[in-house]
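**Q** Sequence order for the protein chains is H, U, R, A, F and W. 4 is the number of the first residue of the first sequence in our numbering; add one for each residue after it. 4 is the number of the first residue of the second sequence in our numbering; add one for each residue after it. 4 is the number of the first residue of the third sequence in our numbering; add one for each residue after it. 4 is the number of the first residue of the fourth sequence in our numbering; add one for each residue after it. 4 is the number of the first residue of the fifth sequence in our numbering; add one for each residue after it. 4 is the number of the first residue of the sixth sequence in our numbering; add one for each residue after it.
By construction, these hints were calculated from the structure, which means they are not laboratory data. Warning: the hint list may mix true and false statements.
Which copy is meant is left open, so a pair is good if it fits within one copy or across any two.
[Unchecked claim] Below are the DSS-like pairs computed for lysine-lysine, each with C-alpha atoms no more than 30 Å apart in a straight line:
no.: 1; residue 1: Lys-6; residue 2: Lys-53
no.: 2; residue 1: Lys-6; residue 2: Lys-153
no.: 3; residue 1: Lys-160; residue 2: Lys-7
no.: 4; residue 1: Lys-331; residue 2: Lys-105
no.: 5; residue 1: Lys-185; residue 2: Lys-153
no.: 6; residue 1: Lys-181; residue 2: Lys-331
no.: 7; residue 1: Lys-53; residue 2: Lys-105
no.: 8; residue 1: Lys-111; residue 2: Lys-331
no.: 9; residue 1: Lys-331; residue 2: Lys-6
no.: 10; residue 1: Lys-331; residue 2: Lys-245
no.: 11; residue 1: Lys-7; residue 2: Lys-53
no.: 12; residue 1: Lys-53; residue 2: Lys-191
no.: 13; residue 1: Lys-111; residue 2: Lys-181
There are 6 protein chains.
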Amino acid sequence: MMKKVVTLGEIMLRLSAPNYQKIVQAQSFDAVYGGGEANVAVSLAKFGLKSSFVTKLPQNALGTSAEQQLNRFGVSTEHVLYGGERLGIYFFEKGFSIRPSKVYYDRKNSAFAMSKVEEYDFDAIFADADWFHISGITPALNEELFQLTKKALETAKEKGLTTSCDLNYRSALWSFEKAREKMTELIKYVDVCIGIEPLTLLGEDGKDIKDQLPEEPRVEDYLSIMEQLHERYGIRYVAMTKRDHVSVNCNRLQAYLYDGRELYQSSEIVVDIIDRVGTGDAFSAGIIYSLISDYKPENAIEFATGCFALKHTIEGDANLIPISDVEKYMSRSFSINR
Amino acid sequence: MMKKVVTLGEIMLRLSAPNYQKIVQAQSFDAVYGGGEANVAVSLAKFGLKSSFVTKLPQNALGTSAEQQLNRFGVSTEHVLYGGERLGIYFFEKGFSIRPSKVYYDRKNSAFAMSKVEEYDFDAIFADADWFHISGITPALNEELFQLTKKALETAKEKGLTTSCDLNYRSALWSFEKAREKMTELIKYVDVCIGIEPLTLLGEDGKDIKDQLPEEPRVEDYLSIMEQLHERYGIRYVAMTKRDHVSVNCNRLQAYLYDGRELYQSSEIVVDIIDRVGTGDAFSAGIIYSLISDYKPENAIEFATGCFALKHTIEGDANLIPISDVEKYMSRSFSINR
Amino acid sequence: MMKKVVTLGEIMLRLSAPNYQKIVQAQSFDAVYGGGEANVAVSLAKFGLKSSFVTKLPQNALGTSAEQQLNRFGVSTEHVLYGGERLGIYFFEKGFSIRPSKVYYDRKNSAFAMSKVEEYDFDAIFADADWFHISGITPALNEELFQLTKKALETAKEKGLTTSCDLNYRSALWSFEKAREKMTELIKYVDVCIGIEPLTLLGEDGKDIKDQLPEEPRVEDYLSIMEQLHERYGIRYVAMTKRDHVSVNCNRLQAYLYDGRELYQSSEIVVDIIDRVGTGDAFSAGIIYSLISDYKPENAIEFATGCFALKHTIEGDANLIPISDVEKYMSRSFSINR
Amino acid sequence: MMKKVVTLGEIMLRLSAPNYQKIVQAQSFDAVYGGGEANVAVSLAKFGLKSSFVTKLPQNALGTSAEQQLNRFGVSTEHVLYGGERLGIYFFEKGFSIRPSKVYYDRKNSAFAMSKVEEYDFDAIFADADWFHISGITPALNEELFQLTKKALETAKEKGLTTSCDLNYRSALWSFEKAREKMTELIKYVDVCIGIEPLTLLGEDGKDIKDQLPEEPRVEDYLSIMEQLHERYGIRYVAMTKRDHVSVNCNRLQAYLYDGRELYQSSEIVVDIIDRVGTGDAFSAGIIYSLISDYKPENAIEFATGCFALKHTIEGDANLIPISDVEKYMSRSFSINR
Amino acid sequence: MMKKVVTLGEIMLRLSAPNYQKIVQAQSFDAVYGGGEANVAVSLAKFGLKSSFVTKLPQNALGTSAEQQLNRFGVSTEHVLYGGERLGIYFFEKGFSIRPSKVYYDRKNSAFAMSKVEEYDFDAIFADADWFHISGITPALNEELFQLTKKALETAKEKGLTTSCDLNYRSALWSFEKAREKMTELIKYVDVCIGIEPLTLLGEDGKDIKDQLPEEPRVEDYLSIMEQLHERYGIRYVAMTKRDHVSVNCNRLQAYLYDGRELYQSSEIVVDIIDRVGTGDAFSAGIIYSLISDYKPENAIEFATGCFALKHTIEGDANLIPISDVEKYMSRSFSINR
Amino acid sequence: MMKKVVTLGEIMLRLSAPNYQKIVQAQSFDAVYGGGEANVAVSLAKFGLKSSFVTKLPQNALGTSAEQQLNRFGVSTEHVLYGGERLGIYFFEKGFSIRPSKVYYDRKNSAFAMSKVEEYDFDAIFADADWFHISGITPALNEELFQLTKKALETAKEKGLTTSCDLNYRSALWSFEKAREKMTELIKYVDVCIGIEPLTLLGEDGKDIKDQLPEEPRVEDYLSIMEQLHERYGIRYVAMTKRDHVSVNCNRLQAYLYDGRELYQSSEIVVDIIDRVGTGDAFSAGIIYSLISDYKPENAIEFATGCFALKHTIEGDANLIPISDVEKYMSRSFSINR
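Take the sequences, apply the hints, and build the full model.
**A** See the structure below:
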């Protein structure tokens, strides 16, 4: 029976200046709809899982467009709420070479940001679901959404779902201190912790985990942190990515997975970039898919790193790569497929 | 010496679905920056007048882009304020034939909407200016902006400028009753009243002017109303347009100008439409230009109607037609200009 | 409880030369996926019904793209078969003014055309369904698909579904004589007969119905034919459209509905055309929606004609108009919706 | 044996602002290559005749591009000269509704304009040719090109070719008086005279032919002039078009052909316009094709008017319509060709 | 006197998803027409040779478009046959970085694939020709086309033409065994053998040549194979390319030419890729041009490698590079040419 | 008080083949307006300085468009002259990898090239100005413009402005000998000399400076030359850039600044290229800005090299990078700016 994953969060209209133009040059914007948890849902649907995304959308053409895009890529929107005033927007200026990309958020007062905990019917949302995924962005938006995240995680655990969280710390949304405090409250409901944001959390010794890391951390340094997280918060898996910038559009990637016993390390890959956004979400989806499919850890981290890397070559927020393409990537064949 | 006109209001990012697509089909949006008073400023600059637009813009790439577009078409932005959180946005779905156009506003909490009266230095703004133009949209946004409009008009009158107002009633922004009350308070500072919104005002007899108009008004009915406005509020000129819809993209146009003595009527014109937005602003600019240039009323209304009609054939919010093209239009020559 | 409609047929990749270019000028083709019964399914989904489309798609990127488009617009593809060699294609050269549109089909040997009756599980397909719709194109493709159509209709009737058929005679696919013979065999399973193709059928007197129609038929002539169809084949509703060409991209439209008692006639509408393809399918969807929703016949035919007319203003094969827009159209308001 | 037509003249790069933009809005220009005589050559090649275009092109990427476009549409360029400094350019701003189209020429000092009579080898150029066509634009460019035109016509007549000339008076290139003097010198070599420019010539009575025409000329007025031209200059056929502007992009068309005995009048056609440029050239090609194919005059003028009208629906300078489409047009069928 | 080359094969419509999109993202496809032997013909025409392409095209807008593109780039289509049902199509998904390109063929039942040997008049086709080129794709399509290839090669040899063949083994079209058997039958008519497909052939010892090659072959290994081919099959020249994938869009290239005595090796070049398709055809054209022009082998292989490498920077199937650009490349100057 | 810089030169319409197409493939051209000194003016305006560009433009839509673009990016055009016949044009074919870019100039007889010294009112032009910048292109166009350049420099010096010159030797415009002679005459009015064109000048020993440089010059070699220039011509600052081609679209950059005492060397940067045109102008603007702002030489050269490098990532002629982005670049942060 096909596994079902639920993700919850905000989906925004992304408006990108085309052809590496700066926004001040743009006469048009390319439009896609994306957001961390929605991107994870799309990627999982493309892998063939049942995938349901929960959010609140405004009842206008933009809300409909966002829903249509989710449906187009196979994501169920049956538990999406409708109402509120606006869809969040973000403007994207794609960088090149030595010119960094820029993101301008215009997401305040969105239908999702203004939604209330009691609007969400988690009994219906989690019916038949196996896994629940969330990110550290939603609780950062406001206190109500922090409560929403908490209640969602709590309920998911009660109902026996596996839970994952991409901690995803955004300094524009909250201070490091606040993030640490709030995420530490949520982390106890999380089975699988993704992202380098474990660093946001408190270490075993009550000190910032971040402070334990030397400037140029080696694998062993990460391992020690992950062991603490495992022990202190009962996290079953910790997965994280590492990115070195050869340039804005060429990055060197690697990723790690800790299963409570060992730290598995993917091979390293250099990738030229078409779209950098949503690559972390592709990684999360890769982790969820491989763990839900009972991959061995060493295969899971290779698979997830493949998802992570391949997403850099896909325009738009979401990873549209089927399993077969991830597998082909893992054989490193670069010839034309005829 | 070249005359200088100041306009004040909001400029927004307009995002239009291309090629008559519905928004739910759009993969990109064409981007221009527009707003009633900004459109008037652009048109006047294209006519060769000195033209200054006053607003508040956010200090980001969108604010810069809006300012760049004003500068591109010759409008001075030296008195533009910078700050606030966001630029207002509106989404535009261009209709066709029997399918009407749609506009979705997302303008709340914009830098301009949140700006304060005391931020504006009207001594500097009105230095060397001959004319001040405003619309009924700004006072409809909130009480602070109503006060801003009032102070601007008051100051302009004190400094000896001619003032014009395109009353422009928008039911989405305020109720008819509120509009009537507020606009009646402003109208006494206005020399030239544009738009069919005089109807929003109170008649001499204390009743709604609108109620005096039969269902299918004739020229005489308008005349009687304009005489009241002239007498009651001291308005020197009243100008208005009339539009019949042959279809969504084919309209029959005519316009009227009352100079306190007579009602001048333009010839009628049927126009196929490329962009319907900003046509009223083109008319306002035509009225301002012809009156500031001392055209005879019968020529002024023909000129303004030409501006009004020609704008329907120009993509974007603003009329980019130079004087010479309006004059060519008035000779009704449709051959290729080689 | 929301009603469910099933449609069955072929969906093709449509490749259109952009900007009214001739194909010999085109450097690119706009791509959408469409086909009569798929278009009906999309339109019904946009109206809010449950809508399921049944076909066979090749297991490649084009098959996936076709399915994605159906999903995007809310159509269920859970009963779509996968396999076969290719997706049918048609090239579209959009005409203008006095230059007619052209369609080049390249649909032979498609996955659907090569599919077998026994591949379809009608028990699953018709579970929970209320209505089944098909067209005269599928049976025209080959004998196997004629048998498929027949079995589908037979089974639908057995299971108590209402059935509709857009007879849609295409001279490129089969001869008039063959069409008449075969469609006469199918028509007994049809409750609602759509299109002017009733004329393909045999009249009560055993003569071609077509031969009974004078060159410039009046309403009464249609009525007499519909009465025959009702009596001879037990058809409950006959609906048909009429189109006069003012020019290639401006048509005058009207439609008729016969309910076994009276002939209801819609008002006439002149429409400028963005995309002529799929307008008949929009009409079918309008008929199905209004009958399944128990509209009175006089309202049903106005609603369906609104769908028919509005589709002319939508690019692509499928009608993306929600109910609210059809209703707005019926009030004939052409102003901007702000 | 297939007939061969030679045309001689200038081909320019045409740069058009896209999507009805004004040039001051354009961020890109659509590029085609065109010119009166080149357009005639393309149209004739599309009709299946052998067609050779003679000009001089610069040896750079633009010269190559112009030649490629001629070859693409089947025109032989074996007698094209290479050299000189630049390709002539013209900028095109397509009008709409009440806004006229504009053309800006930048053609001075082009390779063709600077070419010399002695560079052209008319023995080779006219080998196997049956017809030679030229326009009144080339002799207007400068004295050398006037001499080139004269020598070409003279040689063509000596070699027994039929000659045609689209007199095409352009006031931007020379004065009416100069045009009259020069064209009168050329006209004696012309068998088929096309365009309303016969009016440029001297009448039998030594007065301007133009002066003989009343303000609103009727068919009889044209007939009298054509009789004079026939008698005075030995012109065998005179063909001309008439155009009324319903609007900039909707014209009413008709055309006339005089064969030395009678005046044949085409039916009238109203056409919506995609591209107005080159319509006269399409008419010339229609006249040449129908006369070289021995059509009866009444059929020739209908065919040529069909070419003239259909070209209005084709983007670009040249008519890409095959014979079969002209014939279909003549049956006035506006349905989709499936 | 200019040399003339004839090539024979299939030309298809290539539809590419734009901007590195996956096909499941594409809303349009870029359209060019290409095929191995047609690409060779275009490249040779661009080098200034007489070049004639022989195929069979359907009599519709796509067949005409394919022919137009050949003509545009200077290829003669005077011996093209017309008829049959469809033009073959292939869909192209351009890869990037670590995501490989994909090609989906939809070429079955094309006009060329269904053509018969007796339709081709080789006396006319080879009149005045100096060289005949073919590839291993045509004989792989079906037995009739194998016979066509054989007859074409036989006749070309009889008439004294030089023959070349790009063996081009495609596993999707036939098995390795069948390819070996069939190509061995054809190879005796071939003077110049191009591609690494010599490996498809039988070695002198009756064993597969492929089996003689170590996993990481050195130059000497190739040499030994080429000597066998020379001796066993009388092949005068063997040319082959080598490609290492730095990434999907960055390759390291080198090529070899054996003249029956020595093996000449080009310098190595790393190239970033705009379009990978047709690069082997560009190499073939480089070999043909340099041998027909009597280049020394060491220059021939440098020239052909330049063609090969430069084609990677040209969008579309065919190499549009003139001789002068290949020569400039050989001087390795990367500055702007002003 | 904000500093004001005046630049003088030609601005042209640049027409670029899109998407790395060769010009012979292009169906459209992207249009921007640019020229060395205009580009410098735009960049300085973007840095927040007052910037005025002086030229002569034709009174047509292209002249207006050029002026609009200058205004859009904040450059004052109050001293632009209007008149003459045409705007200069250049066609740009962007190279890739191993295929070099090409520029085709069509600038003869432009309004600026035909302008006369006496048309320019330098009293007005230099009012309130602090700096005057010019390049070696204008004096190369013709003798009159050499005189214009000389008079401009002379007057600027008289009025106490700092002067800079980007010597910019173009072999297509004049011979090395003529350039040396003429530039030597101008150099005495120059305070800041930019570009590697100092080499055009005469050395202290009366020999070509160029001849003093070894084939692979080291920093010391440049230093010695700069000392000579400083001593012989009184140049206060000499700045120059160095470019190595990794490939056509990947360059290694470095730059030097000599202040009459020491040679400052920037760090080296490898940059991938979106648009190579105008990078030298961006460097000039960086030098002018940093010197006018009293940066220390070591900071000035880093800043200017940042401008130089970043411009390679901006489409179009002009650098649209604000100060803040140059500063961010100098911190070498390549992450997304959220």
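**Q** Out of the numbered hints, which ones does the structure contradict?
**A** none
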